[in-house]
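Required output: the full structure, derived from the provided sequences and hints.
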Amino acid sequence: MHAIVITQPGGPEVLSWQEVPDPVPGPGEVLIDIVASAVNRADVLQRQGLYNPPPGATQVPGLECSGVIAAVGEGVDGLRVGDEVCALLAGGGYAEKVVVPWQQVMPVPKGVPLVEAAALPEVTCTVWSMVFMAARLRRGETLLVHGGASGIGTMAIQLAKAFGAHTVVTVGSAEKAERCLALGADEVINYREEDFAEKVKADVILDIIGGKYLPRNVDALNIGGRLIIIGLQGGTRGELHIGKLLTKRASIHAAGLRGRPVEEKGAIVRSVVENVWPLVESGAVQPVIYARVPIDQAAWAHQMLESGGHVGKILLAR
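In the UniProt record's numbering, the protein residues as written are 1 to 318.
I should point out that these hints are in silico values taken from the structure, not numbers from a laboratory. Don't take each hint at face value.
What the hints assert, rightly or not - Here are the simulated distance ranges between beta carbons:
#, residue 1, residue 2, range
1, K212, G11, 19 to 27 Å
2, R138, G49, 36 to 44 Å
3, I242, A71, 50 to 58 Å
To be verified - Simulated pairs of lysine to any residue, SDA-like, Cα-Cα distance not exceeding 20 Å:
#, residue 1, residue 2
4, K110, Q286
5, K248, G238
6, K199, D219
7, K212, E193
8, K201, L245
9, K201, D219
Backbone N, C-alpha and C define an ideal beta-carbon position, used for all residues, glycine too.
Dropping the structure here:
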């Protein structure tokens, strides 16, 4: 098969479409013929040599895909050759085929085209597990989302709206502000012009920035607030005012998906299918797709992501 290979750490130009050995499913795994994948910020970090795959995972980037099951290993129940599916991956999405534990495979929601389904696994599993399972966002609470126009942000807006939360997002342009409001955001803060910590008090904050925003995130929390850190675009270190955290009886939770055990990912996937898929099928929640790029031109897709002008997901389609 062919796959994107990272020839060396560096810029988008190090991504090369090459012939590599076909993956073979083992016990508890399925082989998917990939129709589409999607670009995530973690793929950029891996390309730069800053985010290695978990032990045992393929070096091929790509944390999600959609496609058709081509083979099924021993001990797999409920999945058959020919099923149209999407999947949460530890890697391998930038390829023609991928092997994945069956627990991380999801049916394509009714009404969603197979290619567009590739935009769903990473964002739905991240937002659902962090905002709703970990932070326990409740109806009537305020959610602050940094990077509201990102793939994660556009999904967080829609899910928070569907469950009755008040949603505030940060963006960097008027165009992105309009798109977020159209998706259901209640308030938008342009971080280039305003300090979010002076504008909002949130019960839950979903943060992709990390160290740079840590002090102001704590300032922006309500009593009993929950800060969820899922990214490090603003660095790995920040000053934490523990006194403020204690006074607010607040908590900080930092976590990702990629390195979790299969059993944990499987539990998240099942919860997403149960709680999020009905919203997708009803049209209340939809994948937000900015562009489709041929999978062998992944370097172009990475340039697009790093330019910062996108809203939603960038797909890699075969």
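Tested hints:
In this structure the hint that K212 and G11 lie 19 to 27 Å apart at CB holds, the actual value being about 23 Å. At about 40 Å, the beta-carbon gap between R138 and G49 stays in the expected band of 36 to 44 Å. Checked against the hint of 50 to 58 Å, the C-beta distance between I242 and A71 comes to roughly 52 Å, which is consistent with it. The suggested pairing of K110 with Q286 holds, with an alpha-carbon distance near 12 Å, which does not exceed 20 Å.
As the CA atoms of K248 and G238 are separated by approximately 19 Å, the hinted pair is consistent with the 20 Å bound. The suggested pairing of K199 with D219 holds, with an alpha-carbon distance near 11 Å, which does not exceed 20 Å. For the hint linking K212 to E193, the alpha-carbon distance of about 17 Å falls within 20 Å, and the restraint holds. The hinted pair formed by K201 and L245 meets the criterion: a straight-line CA distance of about 14 Å does not exceed 20 Å.
For the hint pairing K201 with D219, the CA-to-CA distance comes to about 8 Å; that is within 20 Å, so the pair holds.
No hint from the list above goes unmet by this structure.
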